[in-house]
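**Student:** Below are the chains, spelled out letter by letter.
There are 4 protein chains.
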Amino acid sequence: MSKAELGVGMVGYAFMGAVHSQAWRTVNHVFDLPVGVRLAAIAGRDPVAVKSAAEQHGWAASETDWQALIARDDVQIVDICTPGDTHAAIAIAALAAGKHVICEKPLANSVSEAADMAAAAADAAARGVRSMVAFNYRRVPALAYARSLVAAGRIGTLHHVRAAYQQDWLVDPSAPLTWRMQKERAGSGALGDIAAHIVDAAQFVVGDVLSGVSGLLETFVSSRPLSGGSGLSAASGGAGVGDVTVDDAAVFFGRFAQGGIATFEATRFATGRKNAMQLEIYGSDGGIRFDFERMNELLFFDGSSPDEENGFRRVLVTEPTHPYLGAWWPPGHPLGYEHTFTHELRDFVLAIGSDSDPSPSFADGLQVQKVLEAVSLSASRGSGWVEV
Amino acid sequence: MSKAELGVGMVGYAFMGAVHSQAWRTVNHVFDLPVGVRLAAIAGRDPVAVKSAAEQHGWAASETDWQALIARDDVQIVDICTPGDTHAAIAIAALAAGKHVICEKPLANSVSEAADMAAAAADAAARGVRSMVAFNYRRVPALAYARSLVAAGRIGTLHHVRAAYQQDWLVDPSAPLTWRMQKERAGSGALGDIAAHIVDAAQFVVGDVLSGVSGLLETFVSSRPLSGGSGLSAASGGAGVGDVTVDDAAVFFGRFAQGGIATFEATRFATGRKNAMQLEIYGSDGGIRFDFERMNELLFFDGSSPDEENGFRRVLVTEPTHPYLGAWWPPGHPLGYEHTFTHELRDFVLAIGSDSDPSPSFADGLQVQKVLEAVSLSASRGSGWVEV
Amino acid sequence: MSKAELGVGMVGYAFMGAVHSQAWRTVNHVFDLPVGVRLAAIAGRDPVAVKSAAEQHGWAASETDWQALIARDDVQIVDICTPGDTHAAIAIAALAAGKHVICEKPLANSVSEAADMAAAAADAAARGVRSMVAFNYRRVPALAYARSLVAAGRIGTLHHVRAAYQQDWLVDPSAPLTWRMQKERAGSGALGDIAAHIVDAAQFVVGDVLSGVSGLLETFVSSRPLSGGSGLSAASGGAGVGDVTVDDAAVFFGRFAQGGIATFEATRFATGRKNAMQLEIYGSDGGIRFDFERMNELLFFDGSSPDEENGFRRVLVTEPTHPYLGAWWPPGHPLGYEHTFTHELRDFVLAIGSDSDPSPSFADGLQVQKVLEAVSLSASRGSGWVEV
Amino acid sequence: MSKAELGVGMVGYAFMGAVHSQAWRTVNHVFDLPVGVRLAAIAGRDPVAVKSAAEQHGWAASETDWQALIARDDVQIVDICTPGDTHAAIAIAALAAGKHVICEKPLANSVSEAADMAAAAADAAARGVRSMVAFNYRRVPALAYARSLVAAGRIGTLHHVRAAYQQDWLVDPSAPLTWRMQKERAGSGALGDIAAHIVDAAQFVVGDVLSGVSGLLETFVSSRPLSGGSGLSAASGGAGVGDVTVDDAAVFFGRFAQGGIATFEATRFATGRKNAMQLEIYGSDGGIRFDFERMNELLFFDGSSPDEENGFRRVLVTEPTHPYLGAWWPPGHPLGYEHTFTHELRDFVLAIGSDSDPSPSFADGLQVQKVLEAVSLSASRGSGWVEV
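Quick note, the sequences are listed as chains A, B, C and D, same order.
Quick note: the first sequence uses this note's numbering, first residue 1, plus one each step.
Quick note: the second sequence uses this note's numbering, first residue 1, plus one each step.
Quick note: the third sequence uses this note's numbering, first residue 1, plus one each step.
Quick note: the fourth sequence uses this note's numbering, first residue 1, plus one each step.
Source of the hints: derived by calculation from the structure; they are not laboratory data.
Since this is a predicted model, take the numbers as computed values, not measurements.
Some hints could be false.
Taking lysine-lysine and the DSSO-like style, the derived pairs with C-alpha atoms no more than 30 Å apart in a straight line are [to be verified]:
(1) D:Lys-51 <-> A:Lys-3
(2) C:Lys-51 <-> B:Lys-274
(3) B:Lys-51 <-> B:Lys-3
(4) D:Lys-274 <-> A:Lys-274
(5) A:Lys-274 <-> A:Lys-183
(6) C:Lys-274 <-> D:Lys-274
(7) A:Lys-51 <-> D:Lys-3
(8) B:Lys-370 <-> B:Lys-274
(9) A:Lys-274 <-> B:Lys-183
(10) B:Lys-183 <-> B:Lys-274
(11) D:Lys-274 <-> B:Lys-274
(12) A:Lys-274 <-> C:Lys-3
(13) B:Lys-51 <-> C:Lys-274
(14) D:Lys-51 <-> D:Lys-3
(15) C:Lys-51 <-> B:Lys-3
Simulated DEER-style distance windows between Cβ atoms [stated by the list, open to error]:
(16) B:Gly-36 <-> C:Thr-321: 34 to 40 Å
(17) B:Ala-152 <-> D:Ser-356: 58 to 64 Å
(18) B:Glu-184 <-> A:Pro-225: 56 to 62 Å
(19) A:Pro-225 <-> C:Pro-320: 55 to 61 Å
We put the beta carbon where it would ideally sit given N, CA and C, even for glycine.
All chains, please: the whole structure from these sequences, using the hints.
**Tutor:** This is the structure:
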């Protein structure tokens, strides 16, 4: 192949690292990209674990220091898969070093960090260095297709968004504390981890931003056993019992800038729901419903059909003309979770290859962060309205 | 038959009147009741229309004045199916006259009227005169069964309620104004009409009351054509265009007195959803999901089953041991909307026959009214928290 | 009311009798009929039980002899709800007496009996006496609507019918023997009881008849405990154990006269399925799917929509323009099993009132019987093809 | 890595080749395998196309002759992804050369070829050379889990299998003829292509084989336009119109050797169904339902639960203890079509690495072929019963 090839350096190799690795291994075999990609190196603090992860996931080298990773000549892209408290430092350093950056969501643990990152990204973009925040749900083909339906005016004037992200992995009070339940590492709980996804997805599909919100945060289980371990997911604090310092659930409603109201519900306590990221959109001319547990389906109600024969259509989003689908399998052959990452990387690499800014940008990530912060603020003020 | 027989007098004969008639015609043929019921008379203002309605629906006589109806010797039960602005006067007069009363929801258009009615009901009960507010969704067998599951501890400690009532009959801005969109007749819009149902159903199934709420009301279409007619549903105001003075949609969240958070969404603008009254409940030990569009089904997640083989069970609530089902058809044979009214009347007549107070009482109706008023108040105060 | 009124006499008062009673009580209150109906009398052998049934179900009188019922001057319609071995005698006598007849399915237990009945019906029709076989599933609004879609050419040229009727009430081998498992009373098992429904429904919706079939019958449990009782459902033979002399399940495929192939599966052993009467139809231009467990829904695929936005639409068959729905409740308010009988009686009474022959006729019932007999014959001949 | 590494040589690079490539690229990064795998070379007749395919899919080399591929020293595994008429020659040659073989289904186009292959496989196995037929649907986690439920006795004695494989890609009569519609290349139509999958899946999950069948084959569109192309999928015969010489649809029923009856329906004409591979299994103690369009879900009815709270459970087959899932993502994160191939290769490589015979064997493929041939024979004999 005579194509130019970009070396990728990934920081972090837990759940997100594994999924990103699979996507990096796949993307240039399935999509026709203007530049190739090479899995150059990963970084992690534990030298043995990171080396083993590199071998398992197909990375050519490993580093124990993310700064060393950034400094490598064979790395042109830095992929950040670490907890939120480390995003700002890594991303800003990488951009400064002229490396393209893709960063897991939420962009940061606070608006101020996110603002710093967005500023750095804007600077870098002026130098042709690209950045993207990894809101992978935008790359679910069904949601990308939903966006195209909305953009084409198929639902008309927006009236309602109803979004939820329901999980249940914390409902057992004996589930151990991890960094995801510690404010200093994770920033927030369900809010930053999963409400971030539905806020971004809602704004993306609707094509507008939330202008104000009213919210409530709840922690059902306030302390949990510490695992005492030092693994990737371990909480700080050793053994015994530790405090849960983030929300278990976040509920809020808001208004879109150009009209329409929205409700959001994010929880780790919806017993029986495993990863039910759900989005409903209703406008003057149609309706859309989606549940990630059936990620290959989009329910679409086209209000222009006669009432008598109308109903939500279960569109199997596996047709060759659907977003990303032309590169995959014939109609009716489902894609899975990991494909959303492969699509994300395709769009990122396409943007780099065509000297354009990928989307969602760090500025988009900052905007989501502002929404989350407004929800927190409202919750702390008796749920009173807070402008974003 | 040697059974005693109670004469029923019904006020109003539009949609609710038609459904109640079908239920009154059916209830004593299907259920084994301690007293019989007889369709004695209905009342309505238009002498021709009310006579025709009486004939069609099987009522022995008609009156053009509800006071005359109450005064009839052959009427022992008064069934109120009129708009909310008339409930208090009719109900209080009927109870004073010693007639048992069943009254459509919402109990009244304001907390003060509802309080008067609850006081009158308490007085009457002391004299053996019974009253009930017609929250028919409690009598959906699937929801009655859900209540029994919760009461038996099958979902454990409550964490979440997620409720919605989605309709779309007003999404067309040319749909004419009716009394349901006028504050002076209907009290409120989606809030009193359908949010009332999900508030009552949630509180009923959970077995607790909301202690505080934060809400938002929205009117998407602020004026509508007047039909100019004088039919049962006509708005006041003649021809031309009239103002919509109620909410098209209401969204709110709240807390239950004994713990657990809840979200509610009621709208007449969810394009594609016809009568989607939905309830989800999640607790420490299980989860429940219900959608009235599939009213014979309850989705139940029993957290005590092993994870590997677990999932929401689609329980067809048509087994003989399910609430009300023993009187109907074999397993797998669906019931419909009207049966919820037949069940309601069965419970009402059973209570009368056994000299006990039926449920939900006027006091229960008042409590729902208080929740709705707290939502309105919160909405008018920038969505700030309001105690119920 | 000045309308003429027809008196109804019903024979049999078990499950079918109870459903028919509810439908007779309801039909003239909901539909605008040219003639009224009156629940005149029911007949049953046990004088105490039949009197009690008459009182419960609202019949004015009772008889212990079906011949006496037919002879009554106040009976103009005879409704036959007894086991299949008695249909021919009752129907032929009633028609001879000039009474209109509606007869439960299957029309008879054999082709020869059914042929006699069809001949009697043809004779009677010449004298203005009407008859109908009670294939109530034709009156499920969703299936009546499916018929109208097919008749309008919306599915194009027929390719496939896939039908099933799955129940599980016999899967427990200790379930007692009833008349439904005895050949001399029931004629056949799943074949005549439930396969009859899907054969009729398929032929009705498609608008064609089966021209040949190949089949297999199976009896999974060959003997069962006798209840020893003498109730309505009791088997002949007293106490102990009795032989099951009918099929527990019938599977077959066939060809339609004008093209298209079909598969059928009827069973009382599909553990977990309660009353899953299912029909799928695929043609050159569209597809239709139906499951009676969700009887208010029709899934419709309109092949003329663009592939990208296409999918089965879940049509809630509750719009006022859907068959029978104009007389009932607003969109989104489900009907139930019993309504199919109310619709059937409406059509029957409308036909009588307009001096026309109702449908399905006894000749239609005979044709279904011929299909069932062809399946039995094929099953007895190593599943070889049998022309109908 | 010090692990031994096996070189893979793949023949064919159309749809199946692309999926297999993705699976080969992925399998050793996700699963812990005793030996590594290397994408050594692919073979195809067109030198330019095969070279391009090798580059795209990540194969180190290409050959224009499958014999040359087999002869390569760096190839220890031969993966056959060509049409059925070539399977026997390639597989037998590869096995003779001591190469492990995985061969796409159907194993061959006739029983005699399949028998030759099974004999060659048995010989090879004696020499430690392994072979497997690629019935990938066995590796859908939900179906592998269904097998484990059945094997554990959870459905009890088998009564019913109801299987279907519904596609609609040929419903348009102007869809061009490809080799899949030509008997000399494909052997048969829907029968060998997709009925093969449901026969294998049914036998696998049930753990038994069909002992006899009765069937019907149908060709709805008997001639189609020739594309005139020479691409991978082109039909023989040049331009103009060509005859469809295979079945468009196959329907059949059968008996399992140890009891239980089964129905099968495979079609390319089910308008609206894209790739609906469906399986229902009912036994004395439970029921199972599956639809590949929702491949991450298994519906399970456990008959031992109390009737009142029972129903089909929608098990999301994404728990770490489910088959293959431990290596993938957290609960609720769906897998897709391609993962079934990754799982298949994992099992194949594990068997090679542990010196054991993988399953399904060529003998299993032969048995499926015998069932398909019995269906064809029955269809040609008026659907009379044919022993397998």
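**Student:** Now tell me, hint by hint, if it's right for this structure.
**Tutor:** Structure-based check of all given hints:
no., hint, verdict
1, D:Lys-51 <-> A:Lys-3, "holds, 16 Å"
2, C:Lys-51 <-> B:Lys-274, "violated, 44 Å"
3, B:Lys-51 <-> B:Lys-3, "holds, 29 Å"
4, D:Lys-274 <-> A:Lys-274, "holds, 27 Å"
5, A:Lys-274 <-> A:Lys-183, "holds, 23 Å"
6, C:Lys-274 <-> D:Lys-274, "holds, 28 Å"
7, A:Lys-51 <-> D:Lys-3, "holds, 16 Å"
8, B:Lys-370 <-> B:Lys-274, "holds, 27 Å"
9, A:Lys-274 <-> B:Lys-183, "violated, 43 Å"
10, B:Lys-183 <-> B:Lys-274, "holds, 23 Å"
11, D:Lys-274 <-> B:Lys-274, "holds, 28 Å"
12, A:Lys-274 <-> C:Lys-3, "violated, 61 Å"
13, B:Lys-51 <-> C:Lys-274, "violated, 44 Å"
14, D:Lys-51 <-> D:Lys-3, "holds, 29 Å"
15, C:Lys-51 <-> B:Lys-3, "holds, 16 Å"
16, B:Gly-36 <-> C:Thr-321: 34 to 40 Å, "holds, 39 Å"
17, B:Ala-152 <-> D:Ser-356: 58 to 64 Å, "violated, 50 Å"
18, B:Glu-184 <-> A:Pro-225: 56 to 62 Å, "holds, 59 Å"
19, A:Pro-225 <-> C:Pro-320: 55 to 61 Å, "holds, 59 Å"
When each numbered hint is compared with the structure, violations occur for hints 2, 9, 12, 13 and 17.
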